[in-house]
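Protein chains: 2
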Amino acid sequence: MFKTNNMKKSILQIVRASYEPKVPKIMKRVIEIQEGNPTESVSDQEEIKKLFPNTYGLPIIQFVEGTEKKQRPPTNVGVILSGGQAPGGHNVIAGLFDGIKNMNPDSRLYGFLMGPVGLIEHKYKELTADIINEYRNVGGFDIIGSGRTKLDTEEQFNKGLKVLKKLNVSALVIIGGDDSNTNACILAEYYKRINANVQVIGCPKTIDGDLKNGIIETSFGFDTACKVYSEMIGNIQRDCNSSRKYWHFIKLMGRSASHIALECALQVQPNICIISEEIEAKNQSLDDIIQYIANIVAQRASNGDNFGTVLVPEGLVEFIPTMKNLISELNEYLAHNETEFKCIKHSKQRKHILDNLSHENAKIYESLPETIARQLTLDRDPHGNVQVSLIETEKLLAEMVKKRLEKMTSEGKYIGRFSTITHFFGYEGRCAAPSNYDADYCYSLGYTAAELIGNGKTGYMSLVRNTTAPVSEWIIGGIPITMMMNMERRHGKIKPVIQKALVKLDGMPFRAFASQRDQWAINTDYVYPGPIQYFGPSEICDQPSKTLQIEKSNTDY
Amino acid sequence: MFKTNNMKKSILQIVRASYEPKVPKIMKRVIEIQEGNPTESVSDQEEIKKLFPNTYGLPIIQFVEGTEKKQRPPTNVGVILSGGQAPGGHNVIAGLFDGIKNMNPDSRLYGFLMGPVGLIEHKYKELTADIINEYRNVGGFDIIGSGRTKLDTEEQFNKGLKVLKKLNVSALVIIGGDDSNTNACILAEYYKRINANVQVIGCPKTIDGDLKNGIIETSFGFDTACKVYSEMIGNIQRDCNSSRKYWHFIKLMGRSASHIALECALQVQPNICIISEEIEAKNQSLDDIIQYIANIVAQRASNGDNFGTVLVPEGLVEFIPTMKNLISELNEYLAHNETEFKCIKHSKQRKHILDNLSHENAKIYESLPETIARQLTLDRDPHGNVQVSLIETEKLLAEMVKKRLEKMTSEGKYIGRFSTITHFFGYEGRCAAPSNYDADYCYSLGYTAAELIGNGKTGYMSLVRNTTAPVSEWIIGGIPITMMMNMERRHGKIKPVIQKALVKLDGMPFRAFASQRDQWAINTDYVYPGPIQYFGPSEICDQPSKTLQIEKSNTDY
Numbered sequence: 001m002f003k004t005n006n007m008k009k010s011i012l013q014i015v016r017a018s019y020e021p022k023v024p025k026i027m028k029r030v031i032e033i034q035e036g037n038p039t040e041s042v043s044d045q046e047e048i049k050k051l052f053p054n055t056y057g058l059p060i061i062q063f064v065e066g067t068e069k070k071q072r073p074p075t076n077v078g079v080i081l082s083g084g085q086a087p088g089g090h091n092v093i094a095g096l097f098d099g100i101k102n103m104n105p106d107s108r109l110y111g112f113l114m115g116p117v118g119l120i121e122h123k124y125k126e127l128t129a130d131i132i133n134e135y136r137n138v139g140g141f142d143i144i145g146s147g148r149t150k151l152d153t154e155e156q157f158n159k160g161l162k163v164l165k166k167l168n169v170s171a172l173v174i175i176g177g178d179d180s181n182t183n184a185c186i187l188a189e190y191y192k193r194i195n196a197n198v199q200v201i202g203c204p205k206t207i208d209g210d211l212k213n214g215i216i217e218t219s220f221g222f223d224t225a226c227k228v229y230s231e232m233i234g235n236i237q238r239d240c241n242s243s244r245k246y247w248h249f250i251k252l253m254g255r256s257a258s259h260i261a262l263e264c265a266l267q268v269q270p271n272i273c274i275i276s277e278e279i280e281a282k283n284q285s286l287d288d289i290i291q292y293i294a295n296i297v298a299q300r301a302s303n304g305d306n307f308g309t310v311l312v313p314e315g316l317v318e319f320i321p322t323m324k325n326l327i328s329e330l331n332e333y334l335a336h337n338e339t340e341f342k343c344i345k346h347s348k349q350r351k352h353i354l355d356n357l358s359h360e361n362a363k364i365y366e367s368l369p370e371t372i373a374r375q376l377t378l379d380r381d382p383h384g385n386v387q388v389s390l391i392e393t394e395k396l397l398a399e400m401v402k403k404r405l406e407k408m409t410s411e412g413k414y415i416g417r418f419s420t421i422t423h424f425f426g427y428e429g430r431c432a433a434p435s436n437y438d439a440d441y442c443y444s445l446g447y448t449a450a451e452l453i454g455n456g457k458t459g460y461m462s463l464v465r466n467t468t469a470p471v472s473e474w475i476i477g478g479i480p481i482t483m484m485m486n487m488e489r490r491h492g493k494i495k496p497v498i499q500k501a502l503v504k505l506d507g508m509p510f511r512a513f514a515s516q517r518d519q520w521a522i523n524t525d526y527v528y529p530g531p532i533q534y535f536g537p538s539e540i541c542d543q544p545s546k547t548l549q550i551e552k553s554n555t556d557y
Numbered sequence: 001m002f003k004t005n006n007m008k009k010s011i012l013q014i015v016r017a018s019y020e021p022k023v024p025k026i027m028k029r030v031i032e033i034q035e036g037n038p039t040e041s042v043s044d045q046e047e048i049k050k051l052f053p054n055t056y057g058l059p060i061i062q063f064v065e066g067t068e069k070k071q072r073p074p075t076n077v078g079v080i081l082s083g084g085q086a087p088g089g090h091n092v093i094a095g096l097f098d099g100i101k102n103m104n105p106d107s108r109l110y111g112f113l114m115g116p117v118g119l120i121e122h123k124y125k126e127l128t129a130d131i132i133n134e135y136r137n138v139g140g141f142d143i144i145g146s147g148r149t150k151l152d153t154e155e156q157f158n159k160g161l162k163v164l165k166k167l168n169v170s171a172l173v174i175i176g177g178d179d180s181n182t183n184a185c186i187l188a189e190y191y192k193r194i195n196a197n198v199q200v201i202g203c204p205k206t207i208d209g210d211l212k213n214g215i216i217e218t219s220f221g222f223d224t225a226c227k228v229y230s231e232m233i234g235n236i237q238r239d240c241n242s243s244r245k246y247w248h249f250i251k252l253m254g255r256s257a258s259h260i261a262l263e264c265a266l267q268v269q270p271n272i273c274i275i276s277e278e279i280e281a282k283n284q285s286l287d288d289i290i291q292y293i294a295n296i297v298a299q300r301a302s303n304g305d306n307f308g309t310v311l312v313p314e315g316l317v318e319f320i321p322t323m324k325n326l327i328s329e330l331n332e333y334l335a336h337n338e339t340e341f342k343c344i345k346h347s348k349q350r351k352h353i354l355d356n357l358s359h360e361n362a363k364i365y366e367s368l369p370e371t372i373a374r375q376l377t378l379d380r381d382p383h384g385n386v387q388v389s390l391i392e393t394e395k396l397l398a399e400m401v402k403k404r405l406e407k408m409t410s411e412g413k414y415i416g417r418f419s420t421i422t423h424f425f426g427y428e429g430r431c432a433a434p435s436n437y438d439a440d441y442c443y444s445l446g447y448t449a450a451e452l453i454g455n456g457k458t459g460y461m462s463l464v465r466n467t468t469a470p471v472s473e474w475i476i477g478g479i480p481i482t483m484m485m486n487m488e489r490r491h492g493k494i495k496p497v498i499q500k501a502l503v504k505l506d507g508m509p510f511r512a513f514a515s516q517r518d519q520w521a522i523n524t525d526y527v528y529p530g531p532i533q534y535f536g537p538s539e540i541c542d543q544p545s546k547t548l549q550i551e552k553s554n555t556d557y
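One line per chain: the protein sequences are R and Y, in this order.
So in our numbering, spot 231 of the first sequence is number 231, and the numbers just go up one at a time.
So in our numbering, spot 425 of the second sequence is number 425, and the numbers just go up one at a time.
It is possible that part of the hints are untrue.
A pair counts as met if it fits within one copy or between any two copies, since identical chains are not told apart.
Unchecked claim - Listed below are the simulated BS3-like cross-link pairs for lysine-lysine, each with C-alpha atoms no more than 25 Å apart in a straight line:
| # | residue 1 | residue 2 |
| --- | --- | --- |
| 1 | 345 | 363 |
| 2 | 413 | 500 |
| 3 | 28 | 69 |
| 4 | 348 | 403 |
| 5 | 403 | 345 |
| 6 | 245 | 403 |
| 7 | 245 | 8 |
| 8 | 9 | 552 |
| 9 | 101 | 22 |
| 10 | 125 | 245 |
| 11 | 166 | 125 |
| 12 | 101 | 123 |
Hint data in this document are derived by calculation from the structure and do not stem from the laboratory.
Work the whole structure out from these sequences, hints included.
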C-alpha cells in the first residue's frame, strides 16, 4: 500500500515535478503576524459562541513583512486528506512540509492514511523529503490516500490524541471541504478545551467551489477540475459543430452547488446550461425545464441547426422543489415499507409506487422515464435514501425533451431531427495534475498553514487572497473557522456548520452568464478552451477561473 | 451556416493559431518526383486489376530534392472531409492550400460542404487565405463540415463532375478513412476512364488507427485522440488509486479495431485491457472474458485492492464469436418478424425472443443483463440491424462481473467489495486540437497532396513517412490506392476495398502489452500521461504514439 518507489512516470510528470510553484513575495521575506479585530460568525452568533467558547471571535490574521527572523523549535505536524479528491492536494502537503522545515529543519510531518480514519486507527506514515518530492505538482491524493469518515465524536478525538501524543505531534492540518473544516473546528475547540496542546488548522478543498466567502476567494481544485471539464466540453462542442447532428447532454459533478456548471458555461459558451439555484429560486418544475430546453431545440431546428449542448449540474433534481417533494415522499414511504416493497414482483413495483404516492407526486413519478423512475426506488443508500448521485439526470432530460418534442411535432410547433448523446464528467477532473493556479495556490495554502502553526494558532483555516493578481502580490494569513459558521439542520439535527456557498443569482458570474445565454442558445458561439498548459505564455498557463476573474473585476452585467 | 467571423476564441486557440507546423526539409527545397517500380494490390490482384485498369499497378512515389523549380499553371482544387472527425483535418486543408498557392498563387481551393454530399448537391465555398488562417492548428472539421454519404455511384460521380467543371476544378482531395479512400480510388478510376481530366487524391484519416500498412505509418488523428483519452484515463486512475474503492470500466471508441484501446493501455498501464482481435483469434466467449476479469478482481481483492481499471474497445461484442452468432440470428429473426415483434407487449418481448432463438443463442441471450438484452432487440438501424455502437458494453461487463463475483463469493473464491463506475470516451477526442505530431503530420499530408496534384497524379493517397524521426527527416510521396486493396464481402457483396489494419497479435505493440499485462493486473502500475502540451520541451510535445514508436523501434517483446 502507498508504494512511492518505482512508479513509472509519464514524461510530463517527470518534467512537471521540477516546477517550482510561484510564491507570494512575503513568503520569501521575514514574516510577522498581524491580527485584525475580533470576528463574529455569519449568523447565529450566540449559539456558535456558546458551542465554541475557546475558538470563537478570533481575529483574521495577515502575515506581513517583519524585521527579525524568529527561532522556532522543531514541530511535529500531522496531515489528513479528507473527502473527495481535488487537484493540488499534494502541493498543500509539499508547502506544509517546506513551511515546517523552514521553521526548523528538525520538524517532522506525519500523514494519516485513508482520511480521518487513519488518525482514529493510528495508521500513518512519516512524509520525508524523498516522498514529498515524488508528489510535487501531481494530481491525486495517493500520497496518503483520502476517506470520508466523519471525525466528529469525542471518542474519535481521544483516540486520535493518543497517536498524536505518541508521535509528539502538536498540530494537525485537515485538508477538506466544508464538512471536514467544520469538524476541524470542533476538534480544535475540543483539544483547546481539554488542554491537549494540539492545534488544528484547516485548508479549503473542494472541486465543487462551494467553500468560499467574502474572505476565502476559492477552494482549491475548482480551477483545475473546471478546466479539464471545459477541455472535454469544448472538444465535444467542436465535434457537435462539425457533424451537426447531435444534442449532447452533459452532466457535471457538483451536487450541492452549480459553480462547476456555471464556470464551464462561462468557459465554453454552450447552448444551454441549467443552474440549480435559479431553478429553486424561481420555483421551477421539471416540466418547466423540459419545456425551456425543448423550446431552444425547436428554435435552433427552425434555423437548420439540429445540434447543441446542454450542461446539467449533478445535483439538479434536489433543487427542483416538486422533485424534492417526490424524493422525500419516496424516502419516507420506502423507509417504512422496505420489506413489503422488496417482495413485490419487479414488474408490479411501478404500479405499487403509483398507488401509494400522493396524487401530486404520483403524477410526477408517472411522467418520468421508466429507467429513471426505477433508479428512484431501487438505488438507495444504507439509510434508505435515494442516491441522487446515481440518478442519470442527463438521460432523464434527454428522454423527456425527446417526448416533449414529439408532442410539439404533432402540434406543428417543431420540425427537426433530435438525436442525443449523454455524458457525465466528474472522476475525469478530480485527480488531474493541478493547473499552475492550483499548484501555486495550494503550495501557498500549505506553507501558510505552517506559519499559522508556528504562531500557535488553532481553529483557523489557511488563507491565501488576492489571487487574481500576479502571485508575488498574493496575501497570506488565516481566517477563524467559527467566522464562517451558522446553525443548520443537517440529517435531522440542528448543527453548527460552515455555510455552503451556493451560486448567487445576483452575483456577477451568474449575471455574466444570464446576460449572454439567450445569444448562446440560438447562435453557435462555442469556445474551445483546449487542455491545461504548463509551459506556455502566462496568459495561457496562469489564469484563474472565469468565476474568480469576474468576481474580482469591477464589471457589472 | 459555417460562420467563420466573430468566433470568440479561447486564449489557447489564439496563441496556437500562430504555430507553424514543422515541415520535412524536402518541403523547403526544390522538389522532384521519383517513381518506384509498378505495384500490386495486397491480394486478389487479377480482380483488382480488372476493376481498376487505369489506376492499377502505379508506382510508389517519393519526392526528392530537385534542381529546377517548375513553373506550374494555376490549379483549382476541391476538398472533401468524409466521415467521422479526426484531429488535424483543418491542417490537411491548410497544407493543401499552401501547397497549391506555392505552385501558383492564382490557384484556388474549394471546400465541398458536409462531406461528399456537398459535391453531389453542389454545395461548396471557396476557401480563401483569411478563412484558412482561422482554422490552422485547431480541431474539428467545422471549416466545411463533414458527412457520411457514400460516394460510390456513377450518377453521383457525374453530378459531381458538373460542379467541378463549373469551378474549373482539375483535382479533388478526399480526406477520409478506408471506405472513403476506396471510393476516392473508384472515382479516380472513373474520371480517368471517361477522360474527365479530374485527378483524385486521398488522405489517410481516422482516429481508429486502422488505415495503415507497411507503407502508411498511421492515419491522422489517432495520436491526438489517444492522448486525450489517455489523459482522462490517467486522471481516473489517479482517482482510483486515491480513493481505492471503485472499479472503472472504460469503453473506448473504435469499432473495427482495438488500436485505440491498445495505445491507451500502453500509455496508462491499466489493470485490464481487452483486445477484440485476441478474443476472436482465441475464440473466447463472453463468459471467458467475464471470468478473466473476475479472476483479476478477486486476486487484487486478496491483496486488499478493491479497485482497478478495465479498458474495453467499443467493437468488442462483434469480435466475440458467440455474440456475433447471437446478433446475427437476432438480426435475421427481427428483420423477418419486425411487425409481429413490435406488437408484443413490452414485458413479454424477452420471453418471445427466448422462445424463438436457437437453443445455444437463447442461452447466451438469457445470460445478459436485461437492459443490455433489450438494447440488442430495440435499438436497430434503418436496415433492421443491431446498432452495436449503442450497446453499453462497459455496463454489460461491469454487471456480469458483479454477478460472477457473487457466485465466487458463495463458493468461497472471492472476498471483497466491488463497486463500479462506467465511462465511454469517444466524442471527447475526435475534435481535440491536434497534438504537434498530428498538426505537423497533417500539414505535410496536405502539402504533399498538392505536390501529387502538381505532378498530374490520380488514384494516389498522400504519403508522409519516417515520422518517428525529427520532422525535418520525414519523407513525402504518394502510394497508389489500388496497392492497398483486396476483395471483401461487405454488406453482402464482394467488393474491392482497402484492407483494414487490425491489431496484429504478433505485432510488437500487442506483444509489448501482452508481456506486461499480468504485472499491471496485480500491481498498481498506473501511469498518468496528463494533457497534451503545445509549448514545452520537445520530448513532451512532439512524441508520436507509443504504438508507432514501438513498431519503429527494433525492440522485441
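Comparing the hints with the structure gives:
For a Cα distance limit of 25 Å, the shortest separation of residue 345 from residue 363 qualifies both inside one copy, at 22 Å, and across copies, at 23 Å. With identical chains, the CA atoms of residue 413 and residue 500 are never at most 25 Å apart, being 42 Å at best within one copy and 46 Å at best between copies. Taking identical chains as interchangeable, the C-alpha atoms of residue 28 and residue 69 lie at most 25 Å apart only when both belong to the same chain, with a minimum of 12 Å there against 61 Å between chains. For the identical chains of this complex, residue 348 and residue 403 are neighbours both inside a copy (24 Å) and across copies (24 Å), given an alpha-carbon limit of 25 Å.
Proximity of residue 403 and residue 345 under a CA criterion of 25 Å is satisfied inter-copy only: 20 Å between copies versus 28 Å inside one chain copy. In this assembly of identical chains, residue 245 and residue 403 lie within 25 Å of each other by CA distance solely inside one copy; the values are 18 Å within and 37 Å between copies. Taking the closest pair of Cα atoms, residue 245 and residue 8 come within 25 Å of each other only across two copies (22 Å); inside a single copy the shortest separation is 41 Å, beyond that limit. In this assembly of identical chains, residue 9 and residue 552 lie within 25 Å of each other by CA distance solely across copies; the values are 22 Å between and 38 Å within a copy.
For the homomeric pair residue 101 and residue 22, the shortest alpha-carbon distance inside one copy (18 Å) is at most 25 Å, but the shortest distance between copies (46 Å) is not. Within a single copy, residue 125 and residue 245 get their C-alpha atoms only as close as 54 Å, which misses the 25 Å cut-off; across copies the closest is 21 Å, which meets it. For a Cα distance limit of 25 Å, the shortest separation of residue 166 from residue 125 inside one copy, 13 Å, qualifies, whereas the shortest one across copies, 76 Å, does not. For a Cα distance limit of 25 Å, the shortest separation of residue 101 from residue 123 inside one copy, 23 Å, qualifies, whereas the shortest one across copies, 69 Å, does not.
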